[in-house]
Each structure stands twice: as C-alpha cells, then as structure tokens.
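Protein sequence lines correspond, in order, to chains D and R.
Heads up: the first sequence at position 313 corresponds to 313 in my numbering, and the numbers run straight through without jumps.
Heads up: the second sequence at position 72 corresponds to 72 in my numbering, and the numbers run straight through without jumps.
Please note: incorrect hints may appear among the correct ones.
[Said to hold, decoys possible] Covered stretches of chain D, as calculated for chain R (at least 3 residues, CB under 8 Å):
1. 56 to 64
2. 74 to 80
3. 93 to 107
[Unchecked claim] Away from chain D, derived, C-beta distances all over 10 Å, residues of chain R:
4. Lys-9
5. Phe-14
6. Tyr-59
7. Gly-65
8. Ile-88
9. Leu-137
10. Gly-179
11. Ser-181
12. Ala-217
13. Leu-236
14. Thr-242
Just so you know, these hints were derived from the structure itself, not from any lab.
This structure is a prediction, so every number in the text was calculated from the model and none was measured.
Note that beta-carbon positions come from the ideal geometry of N, C-alpha and C, so glycine has one too.
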Amino acid sequence: MNIDDSTIQIGFTDVNKFYGAYHALNSINLSIPKGQFVALVGPSGCGKSTLLRTLAGLEEISSGTINVGGRTVNDIPPRKRDLAMVFQSYALYPHMNVRENLTYALRLKGVSKEIRANKADEVAAIIGLEDLLDRKPRELSGGQRQRVAMGRAIVREPQAFLFDEPLSNLDASLRVRMRKEIRALHERIGSTSVYVTHDQVEAMTMADHVVVMRAGKIEQQGVPLDLYKNPANCFVAGFIGSPAMNFIPGVIDESGESVTLDFEESPSLPIAQSMQPGRPVVVGLRPEHVELGDAQSCGYAAISISSVEETGSTTYLFSSATPELVIVADGSQQVRSGDVIGVKIAPTNVHLFDPETEVSLSNG
Amino acid sequence: MMGMKRIYKNQLLFIVALFAVALYLFPLYWMYTTSLKTDTAIFAIPPQLLPSSPQWQTYIDVWNGSNIVRYMSNSVFIATGVTLVTVIFGSGASYVLARYRNVWIDISLFTVLMLQVLPPSLMVTPIFVAFASIGLLEYPRIATILAFSAKTMPFFVILCRAAFMTIPRELEEAALVDGNSRAGAFVMIVLPLARNGILVAALLIFMQGFGEYVYSASLISDNRLQPASIGMTNYLQPNIVTWNSIMAFAAIYITPILAAFVLLQRHIVNGLTSGALK
Ligand SMILES: Nc1ncnc2c1ncn2[C@@H]1O[C@H](COP(=O)(O)OP(=O)(O)O)[C@@H](O)[C@H]1O
Ligand SMILES: [Mg+2]
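Sequences and hints are given; from them, build the entire structure.
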C-alpha cells in the first residue's frame, strides 16, 4: 500500500516506552491514513493499551514522536489532542445522567446548553438511547452503558476514535452484534479509528488494517487476509486463525521441492517453492487447509485419529501422534476415534518457518 | 439444635452490647440529671437516679451569668477554622497520596500516621515556643486552629484517602480525554464522587475542634477568646465547686453537637463504610 503523507492521520515514529527497566513499547512505527479502521491485536500484556494510551496522551513516551493530524503531540496534553476514547470499563461519570455524560466534552468546550441538548438527542438517536437520556449510568445494563460510552465519543467529532477492548465486558451474542454496529458506525461517520482487542476474530472482522503485537513490538501489520495468508513468523501464524495453525518440525528433501515431516510415518509434502535440500524447517499447516481422503490413495498421507469433536457444522479431528495435529473437517465427515485417514495439503498452503528465528521462509 | 445455640449466642451478645452502651452513656445521663439537681440532692446517699425536683433555674442562671454564648462562639470559630484548614489542605494531600504509588508516598503516609500517635500535651510546649517566636500568639485562636489542624490532619487524610481510592482512575482519564485539565478533572469528577467521604470526615473533624481543650488551654490566655471547653473549668474554683452549674454548662455545650450527630448518624456510617459509587 502506498500512502501519501498528507492523508496520514496518526503516525508513530520509533516510539519507545519504558516503565522503569521494563520495555513496554519497542520501536513502534505505525502510519494510519485518514478514515482507516485499525485494530491492534495481541495477547494480554503485550502493550496494546499502553500504545493507545500514549496516543491519547495518558502515558508519556520515552522516545520517538507521535503525530496526530500532521501535528507532533508528544508534549501536548490529552485535552488538546482532540481524540475520543472508549474505555474497557466505559468510565461513565456516575454522578451525571446519560445526557450529561454524552455532552460533557461539549460543555468543557463552552458549547451552549441548547446546542448540547440538540446534540445529545441527535447522538442518542444514532446509538438508540433516546429513552434513557435522564438515567444515571448505574440504572443501565452493560450493553446500554457501552452505547453511552460510544455516544460520548461520537458527539465530539474528533480527529480519531480510540477503543480499548470496548466489547470485552459484554456477553458473546451482544459482542457479535456490537462488532457489526461499531463497524457500520465507522463507515457512516468515516473517521479514523484505532481499536484495541485481544480477540483476533474481532480484529480480523472489523478492521481494514490489523497490527499484531507481542511483548511491546509490532510483529506484523497488513490487511486482515494478508496476515492470514502470509504470516511473517510463527507467532503471527499461530495467533491469527482459529483453531490455531499446527506447527510440525521437518526437513527439506533431496529434491528441494518437498518437505518431510517429523511426524508419525514421516510423510512428505510438496512445497510451492524450491528450497535448499536438508534444511531444517518448521512446517505450519492450518487446520482448515488439511484435505481428507482415502489413506491408500496416491498423494495422501496416513494419519491415525485419537479423538473427534463434532459441533454439527464442523468436525474437529485430533491426531494420536505428537505434536498433536488439529484438523477442521466438514460436519458431514464420518470419522471415528481410532480411524486412520488420508490427508493432503495443497503446496501453497504449506507454510515454512526457520526453526531458530521463527521467521517465514515462504516468499509470499 | 444449631439454631437454638445461635439464638442464645445472639441474645448473649445483645446483652453484652447493651451493657457496653449503658457504660458509655452513663456519664452523659449523669451530666443531665446532675444539672437538674439541687446542691444537696447531688450529694445525697443513696444517689438519686432522677432529680426529685428538677431545677430548671440553673440553666437560666448559667445562660445569663457565664458568658456561655461568647465561649461557644469561640468554640464554633475554632472548630470551623480547624475544619476549613484541614479540609482545604488535607483533600489535596490525600488525593495525591491516593493516586501515586512510590517509596516517597509510603514514607509520607508513615509519617502522617506517626503524627497521629504524638499526644497534644507533648506537642504543645514546642508549638508554644515556636508560635511565640514568630508572633503567632498575638492571634491565639488562629494559633490554636493551626496547632490543632496539625493534629486532625492525619485522621482526615486517612479517611479521605480511602474515599479517593474508591474512585477509578479511568474516570479521570476519560475526563482528561474529554477536554479537562488535571485540576478540572479533580474538581468536576473526583471531588463530587468523593463528596460524601469528605463531608463525613469534615464533620468528625468539626466535632473534634468543637471539643478541643489542650491547645486552647495553653495558647489562649485572654478569657474573651477562650472556647467553651475552657469556659467550663471557670466553675472549678478552689473552695466551691458548683457541680450543677458545670453540668448545665456542659449540657448546653454538647447538646447541639450530640443532636447533629444523632440526626446525621446514618449518613456518617454510610459515608465511612461505603464507596462513592454504590
Ligand atoms: N503503570 C505501569 N507501570 C508498570 N508497568 C505497567 C504499567 N502499565 C502497564 N504496565 C505493563 O506493561 C505491559 C503492557 O501492558 P498493557 O499495555 O496494559 O497490555 P495489554 O496489551 O494487555 O493492553 C504489561 O506487562 C504491564 O504489566
Ligand atoms: Mg489492555
């Protein structure tokens, strides 16, 4: 993707953040064009919230620069950054009713009471809270509080929206619905959004651009499907996709065109590129890329199955050999534990990684 | 079986509690009854539990003859001053102690608690000398307010810090992002939410200030500026002690504050035990 400088809304350049000796953010470089929905995703404690909070101005950075709307904001306090944030706990002001919560930022800007009231009505209509404007936050359900938190951000028409795991306190079905609503809202308002989540499904389904973090570092960023298809390393490969990718050690064959797995009867899989013969590798296979067939047919490797989980639509198969191979199959497959089945993987779906550096060896 | 045992146990505890309450309230009861007795009835044996002929005149004499209004105004002045100084300086201090976590905060907290341990009678001499040298004794009530505020401050800071700690930091952060300064967020978000805790602590400080004795006794020599706690002792003369007058004085002195406490006790207990957000 080629990004013209003038459309960059948010930019991190070599940003580092230390808590004492702990390196919480490690050389972060990130450019977010105007109007883009970016998800920051990674395991708990990897520094996602810290990154978001440095952007909001709630944490100081140790080095580097942060730009918002073409302006360096390193030394600018949160109130002057013109960013709106939705907190995981919603952080609604308990002593104010919904209307006052929604328009608090406008009040601080000195907007008149009538305009504030109109704005509150307008936003309440967007988020569907018209009837609740006079309630206090404690009189609302979790989902309603979440909406107020969203509304409080929308009212401001800020440079960008920052979300810190806004859905993690909701139950599963509401979470799925709000996912769609937030995305629809983003499309309607068209403003830049930075969305922090530990849930890769949320990141993949909502975002235009996904940033995968681990231990304070950006491991990879790109459009969601690109991360799925071409993970840069084992971490990203294992983090994106569910169930997680299988990793099996292997060695490149004499021909350089296939890899022998250190697994059960040492099956050999054709690969999409030619590699140095004898090179040790880690082979990554996505559970949903394993094709089932007759164990005796040509091109299929035999694998014995130790357990089967059926959900109706899909069936999960687990190999008896270690490392355990997980296979996602169509729900119509009739496999029982103890069966020996044939498996095949298309060469383009065989991911190769360096065993030492864990970096991907597949060239796109 | 278990149920019966529990009931006995509860009844026993109830009786113990009643006994303890009676023990604590007895002096109060004795103050009110003595104030209404005649001189002879006070020393009657066996003692009268209730005065046979209540002497209301004693109250009228005390009210008219002992400058009690002046003394109580001084008490109110000192109590108000102590409360204002403690609340204004203590709120900021306890907020900082609630929000930051490091070695210096721990040391400050420990020092604050240490101050609570030192008795006023020990502190009063160095304070007297210090205040005399900077000329503060020219304003003895102000001197008393400052000296006693140093005593009430630790108690206030500890109560108030607990109130601030119940307020999630994210609320303040939301206010900062919404356009507040730190000070603005403190005033508009944190203070309103900690209000109950602060008010209750302030009320308790006011009551302490109202009854203050040790600093007033040593720092205020001018009779016209002394609070009621000192005024009461004017009745204790070497030869004649008019117990009924002293007790009437005491009754007038403490009844308002007692009434306030009884009226507000539910709020006080709530403010002390529950967080701001429930
Ligand atoms: N104020 C702080 N002081 C010290 N360490 C902190 C502080 N805030 C966060 N951390 C540490 O920084 C790391 C990243 O935290 P965070 O950004 O909250 O992670 P997450 O990705 O789960 O949002 C964690 O290991 C956390 O313990
Ligand atoms: Mg977090």
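Original post:
When you look at the beta carbon of Phe-14 of chain R, is every beta carbon of chain D farther off than 10 Å?
Top reply: Phe-14 of chain R is indeed farther than 10 Å from all Cβ atoms of chain D, at 36 Å.
Subject >> Minimum Cβ distance from Leu-236 of chain R to chain D greater than 10 Å, as the annotation requires >> reply: holds, 51 Å
**OP:** Find the nearest Cβ of chain D to the Cβ of Ser-181 of chain R and say whether that gap is larger than 10 Å.
**Re:** The assertion about Ser-181 of chain R is violated, with a minimum of 6 Å to chain D.
Subject >> Assertion that chain R covers the stretch 56 to 64 of chain D - criterion: three or more residues, beta-carbon distance below 8 Å >> reply: With 3 residues in contact (Cβ-Cβ under 8 Å with chain R), the coverage given for the stretch 56 to 64 of chain D holds.
Subject >> Distance rule for Thr-242 of chain R, whose beta carbon must clear each one in chain D by more than 10 Å >> reply: holds, 53 Å
Subject >> Cβ separation check - Lys-9 of chain R to all of chain D, threshold 10 Å >> reply: holds, 37 Å
Original post:
When you look at the beta carbon of Ala-217 of chain R, is every beta carbon of chain D farther off than 10 Å?
Top reply: holds, 43 Å
Subject >> Check of the stretch 93 to 107 of chain D against chain R for coverage (Cβ-Cβ below 8 Å, three residues minimum) >> reply: holds (count 5)
**OP:** Evaluate the condition: distance from the CB of Tyr-59 of chain R to the nearest CB of chain D exceeds 10 Å.
**Re:** holds, 45 Å
**OP:** Count residues of the stretch 74 to 80 of chain D with a Cβ under 8 Å from any Cβ of chain R, then say if the count reaches three.
**Re:** Contact hint for the stretch 74 to 80 of chain D vs chain R: holds, 3 residues under 8 Å.
**OP:** Run the C-beta distances from Leu-137 of chain R to all of chain D and say if the shortest one exceeds 10 Å.
**Re:** At roughly 45 Å from the nearest Cβ of chain D, Leu-137 of chain R sits farther out than 10 Å, so the non-interface label holds.
Original post:
Once the closest CB in chain D is found, is it more than 10 Å from Ile-88 of chain R?
Top reply: At roughly 22 Å from the nearest Cβ of chain D, Ile-88 of chain R sits farther out than 10 Å, so the non-interface label holds.
Of the hints listed earlier, those the structure fails to meet are numbers 10, 11, in rising order.
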